[in-house]
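Next come the chains, spelled out residue by residue.
Number of protein chains: 2
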Amino acid sequence: MLMKKRMYLNAFEMNCVGHQSPGLWTHPNDQSSRYKEANYWIELAQILEKYEYDAVFLADVLGVYDVYGGDDKTSLKEATQVPINDPMFVIPLMAHVTKHLGFGVTASVTHEHPYLFARKMTTLDHLTEGRIGWNIVTSYLASAALNMGKDQPLRHEERYAIAEEFVQVCYKLWEGSWEDGAVVRDRKSRTFTHGERVHPIEHKGKYFEVPGIHLCEPSAQRTPVLFQAGASPSGRSFATKHAEFIFIGAPTIQAAKVFTSRIREETVINGRDPNDVKIITMITPIVAETTEEAQAKYDEYVAHSSYEGALALFGGWTGVDLSSFDPDDEVQYVENDAIRSTLESFTTIDPTRKWTIREIAHSIGIGGMGTATVGTKEEVADELERWMDEADVDGFNLAYALAHDTFEQFGREVIPILKERGRRGKRVEGSFRHQAFGKGDDLPPYHPAKHYYNRIHTVKTN
Amino acid sequence: MLMKKRMYLNAFEMNCVGHQSPGLWTHPNDQSSRYKEANYWIELAQILEKYEYDAVFLADVLGVYDVYGGDDKTSLKEATQVPINDPMFVIPLMAHVTKHLGFGVTASVTHEHPYLFARKMTTLDHLTEGRIGWNIVTSYLASAALNMGKDQPLRHEERYAIAEEFVQVCYKLWEGSWEDGAVVRDRKSRTFTHGERVHPIEHKGKYFEVPGIHLCEPSAQRTPVLFQAGASPSGRSFATKHAEFIFIGAPTIQAAKVFTSRIREETVINGRDPNDVKIITMITPIVAETTEEAQAKYDEYVAHSSYEGALALFGGWTGVDLSSFDPDDEVQYVENDAIRSTLESFTTIDPTRKWTIREIAHSIGIGGMGTATVGTKEEVADELERWMDEADVDGFNLAYALAHDTFEQFGREVIPILKERGRRGKRVEGSFRHQAFGKGDDLPPYHPAKHYYNRIHTVKTN
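Just so you know, the sequences run in chain order Y and A.
Start counting the first sequence at 1; every next residue gets the next number (UniProt numbering).
Start counting the second sequence at 1; every next residue gets the next number (UniProt numbering).
Keep in mind the hints are simulated off the structure, nothing from the lab.
Each hint can be trusted.
Any copy will do: because identical chains look the same in the list, a pair fits if it lies in one copy or spans two.
Calculated lysine-lysine pairs in the BS3-like style (CA-CA distance at most 30 Å, straight line):
| no. | residue 1 | residue 2 |
| --- | --- | --- |
| 1 | K204 | K73 |
| 2 | K204 | K150 |
| 3 | K99 | K5 |
| 4 | K257 | K439 |
| 5 | K426 | K50 |
| 6 | K297 | K419 |
| 7 | K206 | K150 |
| 8 | K99 | K50 |
| 9 | K150 | K450 |
| 10 | K73 | K450 |
| 11 | K4 | K50 |
| 12 | K188 | K297 |
| 13 | K73 | K188 |
| 14 | K439 | K99 |
| 15 | K354 | K297 |
Start from the sequences and build out the full structure, keeping to the hints where you can.
Right under this line is the structure:
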C-alpha cells in the first residue's frame, strides 16, 4: 500500500466575533463573543494542541465591511469582523501553553515598514521557539486604505511590486544580516556578538531604504513560514515564488483541482520542488451522530446565521452591494453584468448551478468563503480524503461554525479517524517549518530568501 | 502624623541584554542573556507581582548605538541594547500570570500610523484587563531614522507637532468613536453593537487623515495610562499637557527638585490637577547586609561592567564620541566646547564636581542614565524617602544591575521596610490607572483626551 500524504490541519481564526460564520455568535454554544479575553485564546490553543492540529491561522482585516447598504451599520449590528483586535498579541499566550502548534498570522505589506515588521516576526519566532508563520497580504479594503491616508487602495500591480520589495527587505534582514554563530554569549571573553559577523543589508530600492543591520539576533527559523492566498495571476505568481503554504478557496473539488494544477506547475517553473508548497483549502466541518442529525445541525446553524451579515461580508470581499435585491432573485437574473460576473467568479459559488441571493447568504453564513461539509464523522473524513485525493490539496483551513465547539468536536471525533486511516502520519518535533516539511528549521537553499543567507555565509568577510 | 504619599515603584526593563547596565550580563548571576525566552518575562512578572511592584516599564529603541568609535562593533560585542526585540509581545505573557502589575510600553509616534497603533493599544488593554500604559516617544536615533527611509531625524519642533497630532488621532479613536453601551452582545435581539452609537472620527490633519471608526470596542481604560519623558522645554510642555507619569533623570536631589518644581507648575498652567501627574526618577538599588558589603558589591558590579559599552550608550544618547579620550581625562579639560557643554548638561553627571571619562563610564555602567543608591536595606529605603521628600518625586523607575536579582532582592528586603514606614499605602484593585490614581479607569474629565469622549456622550446623535 502506498504511504499516504499527511493531511495538514489548520484551525482558521481571527481576533473578532464569528469569523467566517456571521451571526452564529447568537448561538448559545458559541464562545467567540469572548474574543477579547486572554483565556479565549488559551482555551483554543489547548484544544488544538490536545487534538494535534498542526497550526492555527489568524486572519486579519484593517477596515470595516461597509459596501452592503452603503454603510457599516449592518456589520456593526451583526459583528461581521468588527470589532476586530490585533491578531499578533494572542500568539505568545497560545505558544506558551503549547509545544507543537504552529502559528500563522496575517500582516499586510502596505501598512507597515519592513524594518520594524521584521523585528516583530523575529521576536515572535523567538517567543514561540520557532513556530511563527506569516501570511503575506497585499490587498485591503477601501475603508482601510482611507484610514491610512490613501484615497483608494493601490492598484493591483503596484501592490505586488511593493510586496516583492517588502519581502526582499525582510529576507535581507532575517537571512542576510546576522551570520550563524555571530552571537556567542561568551562571558569569559566578554563577547556577546562578534560584530564583524553582523552585516548591514544596504538595501536601497524603489519603496524602501534600509542601510543597517537587523535589530534582532537570528531566531530558530530566521524567516517565518510563509503563507499566501493568491487567486489572481499576479497573486499566484507571487505565491508560487515565495509561499510555503498557499490558500485556495473553491466550491467544488473540480474547481479546486484547476487551482492546484496551476499552482503545482508554476511552483516548478519558479525553480522550486512542488513538495515545498502545501496547498490548503477552506472547509467548515459540521459533524453529528447520523447524516440526518448533521443536516439538522446545519439547518439550526443556518437559522442562527445572519442573512445581512453574510451579504455584508460578501460586499466587502467583492465590492458588490446586494442589499437592493430580493432574497429569491437568482444570480443569473441579476440585471447587471458587473454584478453577475463578480458573482460567477466568486470562488465559493459553484457556477454549475443556479443560486438565489438567499442561497449565497446561507452558503457564506456557515463557513464564509469556504465550503461546509456536513455528515457523520466518517462521512466528513471521507469528504476530506476525497478533496486530498481528487483535488490534490495538502490539507485544510478549518473554519468554525461555533467557537470552540467546531474545533473541539472535529478534533475529538474526526481526527482520530483520519489517524486510523493513515492520513496524519507521524508527529515530528521541532519548529513550525520542520514539523510541516521535515527538512529542518530553514527554508530550502534554493528559496529566494536563502540567496541572502548564502551570500554572508559563503563569502569570507573581514 | 501626616499620611505619607505612596511611593510608586516601577521596574524598568527592555527586551534586550543588560538594559541600563552595559557589560553586567557577564556576571554569573545575571539572567538578561535570556531576554528572548518567554520564561524570562514570566519569571520577572511573578517576582514583581509577588513583591507588589506597581508596574513594569519597557523601554525601546529602534536603532543601534553607533556613535562611539564611529560604528556598531562596540555595541554588538558588549550587547548594549542590541540585539533588541519588540517589547509589546511579552506583555500578554506577563499579564496572564499577574493580577495587579501595570505595563508601560514605549512606542514612537514617528514610525507608526495612529490608526493601527490605536488598535494595538486597545488590544493590549483588553488582554491585560485594563493594565496597559504607553510611553509616548518622539525622538529616536539617527541610525533608526536612516532605516525608516529618512535621511536624518526630524527636527525637534516637527517631532512634537507630529506627536501632538498623533495623540489627538489616538484620543479620537479611543475616546470619541464607540459610545459606552454601544456594544450590547445581545443574542436575543441579534444585536452585537448599536451601529448608530459608533462614530467615525473624521480626522483630517496635517500629517494624518483618518475618517473612519476605531476598529476595536472600548477597553477598560479606553486611553492607556500615558507616560512621557520630557527634559526639553517642548518635551516638558507636551508631557505636562498629556502625561500621567513623567520620567525625569537627575544625578542629585537638588537637580531633581528643579525639574519637579517646573513640571508641577506647568501641569497647573495646563489646567490639570498636579496630583494627576506622577513624577518618576530612575535609580538602581544595590543592597547588602552592611554598608561595606554593599560598596563591595557595587565595586564587583563595576568590575563586570563595560567601559566601552557605557560610552557606546553615552554616544547614542548624546551624539558625542568619547572614544579618542583618555579614561583619566577630566570633563572640564576636554578641549571642545560642544562636547563639554553636552557632558555638563547630561542629566546623570553631577555638574558640581569634576568627572573623568572613566568615572562617567562607571556611573553609566551601573544603572545607565539613572543614579545608583548603595547601602543596607534601611539606607536604601532612607535614600528613596529623601528623594521623595526633598526632590518631590512620586516614585522610581528601578533599573536592574543584575536581572532578575536586583528586583528580587529589592522586593524581598526593601519594599517591606517601605511598607512598614507607611510609604506604600493600601493596595487598590482594578485597572492600571485606578491603582495609580484611585479615581477609576478613565482619564479625568478635563484631560484633553476626554474632550472627544464628552463630545459623543453629551451631544445627542441620530
